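Chemist: With chain A held as given, fit chain B onto it using these hints.
Listed below are the residues making up each chain.
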Amino acid sequence: MLNIIRARLQQKHRTIKYPDAAPPEMPEKFAGRPVVVGRCPDGCRACQEVCPTQAITGGPSGPVVDTGRCLFCSSCVSICGEKAIAFSRDHRLAAVSRESLVIRPGSPLPADVLCETARKYFKRSFRLRQVSAGGCNACEADCNVLGTPVWDMGRFGIQFVASPRHADGILVTGPVTGNMREALLKTWEAVPDPRVVIAVGSCAVSGGPYRDHAEVHNGAGSVVPVDLFVPGCPPHPLTILDGLLRFLGYPVTW
Amino acid sequence: MGEAMVRLYNEESLPLEVVSVVDFEQFRHLILGTLAGEAHLSALFGVPQDRGVRLYAVVSDTVHGSMGLAATDVGDSFPSLTPACPQAHWFEREIFEQWGVRPEGHPWLKPVRFQPPRRGTTAPSPPGVTDYFSMEGEEVHEVAVGPVHAGVIEPGHFRFQCYGETVHHLEISLGYQHRGVEAKLVGGPDRRTIHYMETLAGDTTIGHATAYSQAVESLAGRRPTMTAQILRGVAAELERLANHIGCLGAMAGDIAFLPTRNFCGRIRGDVLNLTALICGNRFGRGFLRPGGVTSGMDPDQISRMLARLDVVEKDAEVALSLMFDAPSVLGRLEGTGTVPAQTAASIGMVGVGARASGLARDVRSQLPYGIYRYSSVPVCTYTTGDCFARAYVRWVEIQRSFAFVRDQLGSLNGDGFPVKPLYPGAGRLTVSLVEGWRGEICHVAATDAAGKFLFYKVVDPSFHNWFGLACALRGQQISDFPLCNKSFDLSYCGHDL
Numbered sequence: 001m002l003n004i005i006r007a008r009l010q011q012k013h014r015t016i017k018y019p020d021a022a023p024p025e026m027p028e029k030f031a032g033r034p035v036v037v038g039r040c041p042d043g044c045r046a047c048q049e050v051c052p053t054q055a056i057t058g059g060p061s062g063p064v065v066d067t068g069r070c071l072f073c074s075s076c077v078s079i080c081g082e083k084a085i086a087f088s089r090d091h092r093l094a095a096v097s098r099e100s101l102v103i104r105p106g107s108p109l110p111a112d113v114l115c116e117t118a119r120k121y122f123k124r125s126f127r128l129r130q131v132s133a134g135g136c137n138a139c140e141a142d143c144n145v146l147g148t149p150v151w152d153m154g155r156f157g158i159q160f161v162a163s164p165r166h167a168d169g170i171l172v173t174g175p176v177t178g179n180m181r182e183a184l185l186k187t188w189e190a191v192p193d194p195r196v197v198i199a200v201g202s203c204a205v206s207g208g209p210y211r212d213h214a215e216v217h218n219g220a221g222s223v224v225p226v227d228l229f230v231p232g233c234p235p236h237p238l239t240i241l242d243g244l245l246r247f248l249g250y251p252v253t254w
Numbered sequence: 001m002g003e004a005m006v007r008l009y010n011e012e013s014l015p016l017e018v019v020s021v022v023d024f025e026q027f028r029h030l031i032l033g034t035l036a037g038e039a040h041l042s043a044l045f046g047v048p049q050d051r052g053v054r055l056y057a058v059v060s061d062t063v064h065g066s067m068g069l070a071a072t073d074v075g076d077s078f079p080s081l082t083p084a085c086p087q088a089h090w091f092e093r094e095i096f097e098q099w100g101v102r103p104e105g106h107p108w109l110k111p112v113r114f115q116p117p118r119r120g121t122t123a124p125s126p127p128g129v130t131d132y133f134s135m136e137g138e139e140v141h142e143v144a145v146g147p148v149h150a151g152v153i154e155p156g157h158f159r160f161q162c163y164g165e166t167v168h169h170l171e172i173s174l175g176y177q178h179r180g181v182e183a184k185l186v187g188g189p190d191r192r193t194i195h196y197m198e199t200l201a202g203d204t205t206i207g208h209a210t211a212y213s214q215a216v217e218s219l220a221g222r223r224p225t226m227t228a229q230i231l232r233g234v235a236a237e238l239e240r241l242a243n244h245i246g247c248l249g250a251m252a253g254d255i256a257f258l259p260t261r262n263f264c265g266r267i268r269g270d271v272l273n274l275t276a277l278i279c280g281n282r283f284g285r286g287f288l289r290p291g292g293v294t295s296g297m298d299p300d301q302i303s304r305m306l307a308r309l310d311v312v313e314k315d316a317e318v319a320l321s322l323m324f325d326a327p328s329v330l331g332r333l334e335g336t337g338t339v340p341a342q343t344a345a346s347i348g349m350v351g352v353g354a355r356a357s358g359l360a361r362d363v364r365s366q367l368p369y370g371i372y373r374y375s376s377v378p379v380c381t382y383t384t385g386d387c388f389a390r391a392y393v394r395w396v397e398i399q400r401s402f403a404f405v406r407d408q409l410g411s412l413n414g415d416g417f418p419v420k421p422l423y424p425g426a427g428r429l430t431v432s433l434v435e436g437w438r439g440e441i442c443h444v445a446a447t448d449a450a451g452k453f454l455f456y457k458v459v460d461p462s463f464h465n466w467f468g469l470a471c472a473l474r475g476q477q478i479s480d481f482p483l484c485n486k487s488f489d490l491s492y493c494g495h496d497l
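The listed protein sequences correspond, in order, to chains A and B. Residue numbers are given in this note's numbering: position 182 of the first sequence equals residue 182, and the series is strictly consecutive. Residue numbers are given in this note's numbering: position 164 of the second sequence equals residue 164, and the series is strictly consecutive.
Isolated chain A (complex conformation):
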């Protein structure tokens, strides 16, 4: 017992003050929200050709990046002679509409992160059944991290539960493999109304690196209606928490 108390003192209190204070700083080389800053020379498609997931298309005034497909690998940044694309250290990527994940020159931050249903019913108590449906287990790992003392999402009444019957919604990771389709559907059907679906990671948003494989369904949206999209491969825990808090209507200024 004394040893446990001694260890507890040594480990200190580590829960971050966020969202009441600024979140921890992202690492120097962190690739967060992309910024499209320039025009493209006529006919240049270098970034589109190097992108592993066809996340980039050409627009009249510069490249257009779909963060729902992006793996944040920075291949486009390395290849671009014009420096038309850059990745900022901004962690805020989540949106409630798929279209808001597409970043154009001068795109605002997604304003539409609030979900009225979620704010009205779930703000004080939000229970989620997580369904892992064919990804690489990195998104699952970063969802688990939100339960550790540093992030402690229990502070906001957010918790992962074992049964879909106890849940207010499901949080899906992975592209939804053919082999997981039925299990995902049954889990969703078992959640009582009103319910929400949250797609975490580029796999769950768009199929990620497995997009268009015969074995997968290109994301949760092709099986169940998605209410919140959280891009990233995998998303940083802060990106997920930011999305969840604003989805529920918490004032987040950072």
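Derived by calculation from the structure, the hints in this document are not laboratory data. Model, not experiment: these values are computed from the prediction. Backbone N, C-alpha and C define an ideal beta-carbon position, used for all residues, glycine too. You may find that some hints are simply not true.
As the list claims (entries may be wrong) - Each pair of labels, with its calculated beta carbon distance range:
(1) A:159 / B:308: 24 to 34 Å
(2) A:37 / B:307: 52 to 62 Å
(3) B:63 / A:86: 51 to 61 Å
(4) B:399 / A:45: 48 to 58 Å
(5) B:420 / A:86: 19 to 29 Å
(6) A:8 / B:306: 40 to 50 Å
(7) A:194 / B:83: 48 to 58 Å
(8) A:37 / B:407: 38 to 48 Å
(9) A:6 / B:407: 28 to 38 Å
(10) B:307 / A:2: 23 to 33 Å
(11) B:123 / A:25: 46 to 56 Å
Modeler: Structure of chain B alone, referenced to chain A:
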């Protein structure tokens, strides 16, 4: 007797035609003969030919530090190796499922992933629908769990055959994470290849990316710079640290020893943040590429890293000592989920699971590659093969990895960037072995005349070890399952590909 297997060392490649195709009897003879010594089966897989399928076998010889290769052509069936060589069982099931080639006499022939066949037109059965082993009797009952589990974990299906509280058999049915990666690697490398490698098992991004980079480098006949090798080693050991610490924390959670669970969940994140300090991503995404690494560390970053490493190491030591000093924890771990050495050897276990059962299997010291050629890491083994042994081996490895990372950071100088793109040479074959945090990662690749992949085989350590978990559960109570499962800490996606 005939000839021996074709010998190959880690980080080497051969012209493809050097691996001569022998008849099946000789193939069988070579494999069984080699496996009679201190060797295990690292891979056994099929490659489609114009007619029939070519089988390749890779055997790792831990005494001589080399690998043996053999190949044979088969039609629609071949006599199963499994009755004489149980460690071939999962591989033969995979060959049957992928290529429709039947290993005649296999005692346990059923799907491993429920994937559509890559040759022929047989329809796959729906996931989880197979002929399960079952017991009958008045008080016998069956418990089915999954694919969706009670925690935030990957999907898998488990069937327990119980009599009273005792589990007499556990059958593990996987494939829910199957996303068709191996088929898409053929004809590469292309712009998605490295991303497939980084997500074969997301928690082993560095391990699989190292195996892939090393495979391409071997096929190209090039080695990365010393700096790149050191940084790869540092990243690999950080990956081991993060996952081992996370695993021990989760084991503590499964036995309701909450202080260590809480501390370790956080410390694992602290280690991932050290990886992010090197390359920006907590899992090491984007850090390794064939030819080298994509970013270096300047002296300022190195000293910051060393300072943070001291804090993390101290925290880990306090959190884990607490667990290993508590008699109630030891009482729960000791004697639970035992895999005897003989079982582990016969079913071909690798990694932490094998070492906990007393088998000295560690690629880093036995078939060294990269920085481990110059800086050796001692093999940590234990003898009891139970949950305690698997926990204890991880704890000792955590201590060794901290020392290794600190040592390597001290010898880093900063040159060798940026990485130049590297492409495989034409008509060559290589086997790339890496000791990931779970155990032996084996990638086998061969290229055509244009330097594109003819085939690319991935064997994650979990592929060897899932059956070990099934064996560990025999005679246990069903309530021991979460603890035993976590003590193995295997990957579903790495198995399902």
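Chemist: Against the structure, test the hints numbered earlier, and report the numbers of the ones violated in rising order.
Modeler: Hint check: 2, 6 fail, others pass.
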